[in-house]
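Visitor: Protein chains in written order, with the working numbering: chain U, 1 to 230; chain A, 1001 to 1447.
None of these hints come from the bench; they were simulated from the model.
Do not take every clue at face value.
To be verified - Only part of the chain U face toward chain A is listed, based on derived beta-carbon distances under 7 Å:
hint, residue
1, R36
2, Y187
3, H188
Claimed, not checked - Cross-link-like lysine-lysine pairs, in silico, BS3-like; alpha carbons within 27 Å at most:
hint, chain 1, residue 1, chain 2, residue 2
4, U, K33, U, K146
5, U, K33, U, K20
6, U, K171, U, K20
7, U, K146, U, K171
8, U, K20, A, K1252
9, A, K1252, U, K205
10, U, K20, U, K4
11, A, K1192, U, K103
12, U, K103, U, K148
Think of the CB as a built atom: it goes at the ideal place given N, C-alpha and C, for glycine as much as any other residue.
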Amino acid sequence: MTQKILLVEDDTTTADFIVKGLHEQGLAVDHAKTGRDGLFHATDGSYDAIILDRMLPGMDGMAVLGAIRAAGIATPIVILSARSAVEDRVAGLTAGSDDYLTKPFAFAELLARLRLLMRRATAGPANAVETALTCEDLDMDLLSRKVKRNGRLLDLQPREFRLLEYLIRHKEQVVTRTMLLEGVWDYHFDPGTNVIDVHVSRLRKKIDAEGESPLIHTVRGAGYRLGARE
Amino acid sequence: MVKFWRSSTARFILLVFGIELILAGGMTLTLRSLTRAALEQDAQVFAEGLTRDVRTAYVEQGRVGARNFSALRLLFSEGRTPVLLMIDKEGRPLFGNLMRWPAGLRAGWNEADLARAGPDQVDAIGVLVTRLPGGERLLAGQALENDQRLSGIVDRATGTALIFALPLALFAAFAAVRIINARVDDINATAKAVSEGRLSRRVSLDGSGDTFDRLALTLNTMLDRIESLISELRIVTDGLAHDLRSPLTRLKVRLDRAETEQNPAARSTAIALANEEADRLLAMLTTALQISRAEAGIGQDHFETVDLSALAHDLAELYAPLIEDRGFELQTDIAPDVAVRAHRELMVQAIGNLIDNALKYGASPIQFMAGQTATHAWVEVRDRGIGIPPTQRAEALRRFGRLDPSRTGFGAGLGLSLVQAVARLHGGTIELGDAKPGLIIRLSIPL
């Protein structure tokens, strides 16, 4: 079944760029130009995710967000905003959005976050506490905090463990550097240099023994993906 | 006109006028009643003295002595018109300058209208009535005619004074309003000049420290702040415009090349380079905005207790692999349990910038330290690079203040000014020192 996205965005250039990108990914997109239209579409409840611009004519994005949540619609929502300040992001998240993306953004970043949200939504509420994660021949025991590749025990630092845990939890999905910085380090800042790349490449070296097929793949212009080579 | 009377100026005039009038009226009325009381008191004192003297003469020399003494006293009247009469037990007049005993007098002080013996007509008198040991009764006192004239004069003077007070009060009211209006007009003119773009105009102070002076001072402080913010903003926009020009040009060149490139591999390389350039531009913009926000004091309401030691360890851990990869050595010395009230994310960014700065412009080893003094928590980063000469340190902290013109790196020229802005937001400081060789940067914020 094709997944359906609602885009609420008044800027035509941005909207066209997003709609085109999502279509190329095989997603169906409805585009609303005003907050009122967006709210009207959203209440229909048939969308898998909503992309909501924060600054909208007529009805402010935050007001639309509040109205959608007040109507009991739990569709995942990503806020797009030109305002990057921490306070604004926190306000957006506490008002009921699921993610917050600052303009301008890379399309890959938006797509990665959108896919993550949709997968989380369809997976339903987290079932019984997970004690083990796997990906291909990689096994992670969350209780003993041991990781094995092909039965071989890996020696990971605590942070490397969390990095790998994040990647496994989002296996076969593209995760961006910002997502890693947020999810593993809980930092919402721009470290200026690509510190994340170095961490990932170290983890990669520890995971892949000679002759084993690499599990962490670099996705050009986007980030990383854990999983079998496609 | 109706509008004028509703204005606060008119109301103020009326208020001052009213108060002036009440004050003037009150003063003249008080003066009048005081004069009257003094006159009555004087008449009473005279009457008591006369009574005492006649009584003494009577006690010592009998009726005849009293009569002789009285005649003498009536002759030397001291500028007053004395009134005197003694009657016997049966009410017959014995001597004095009244023809008969006036009706209705009681013992003690009396004021009455009556006729005197002689040519004079009805007069007001003030007399003291006493009974003598032999049963005779004596009245002694004075005519109040003079007093009444004086009292009349006082009344007229009071009236006149009140009439003069009226325009004076009005004048005072207008004068007071003029003084206030003059100062308000000055403030008004200044505000107008500033809003028309003459940002350096200030309200003049008269040094009195009164309410207007304090208002003017507050306004001037506000105007100073506005002026400095605007000039900062001008520097930022000028700096941004200047600094954006070359990366934008490079971006455009790369995109042009990508457009004309036939070879797919070369084409995607050109696009990747253009992308990198765009990222650099975005990072610069983000940092410039962060600095502006921090300098405007935005974020102070998001201060929380931050475990600086843990945060420093975290950051050291985040950067360690990168530092190692670049062939640098990282030495850390982080004191435990340093906690501060701070904006966590901005602190992370600031400290990250310090490490990043050392990595970009310094040389190995990089020392990363954190600790606290009695009053401040501090974070220090030292490197062994060429450092910054003392004369150029202020320039290094200035927005877009790039020391080496060849530096066109990521977020060029903004890293340290962001650290400075964050320090200021927390009421702290950033100090640059010499590690001989190399640079020491110390960020201190109050505990």
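Visitor: Does each hint fit the structure? Answer for all of them.
Guide: Now for the hints, and whether the structure bears them out:
1. R36: Interface hint status for R36/U: violated (30 Å vs cutoff 7 Å).
2. Y187: The hint holds - Y187/U has a Cβ within 7 Å of chain A, the shortest such distance being about 6 Å.
3. H188: Result: holds, 6 Å to nearest chain A Cβ.
4. K33/U - K146/U: 50 Å, violated
5. K33/U - K20/U: This hinted pair holds, its Cα atoms lying about 16 Å apart.
6. K171/U - K20/U: Given pair K171/U, K20/U holds - Cα atoms ~26 Å apart, limit 27 Å.
7. K146/U - K171/U: 18 Å, holds
8. K20/U - K1252/A: Holds, because 24 Å separates the two Cα atoms, which is no more than 27 Å.
9. K1252/A - K205/U: 38 Å, violated
10. K20/U - K4/U: 14 Å, holds
11. K1192/A - K103/U: At roughly 38 Å apart (the allowed maximum being 27 Å), K103/U and K1192/A break the hint.
12. K103/U - K148/U: 40 Å, violated
Hint compliance for this structure: hints 1, 4, 9, 11, 12 are not met, and every other hint is.
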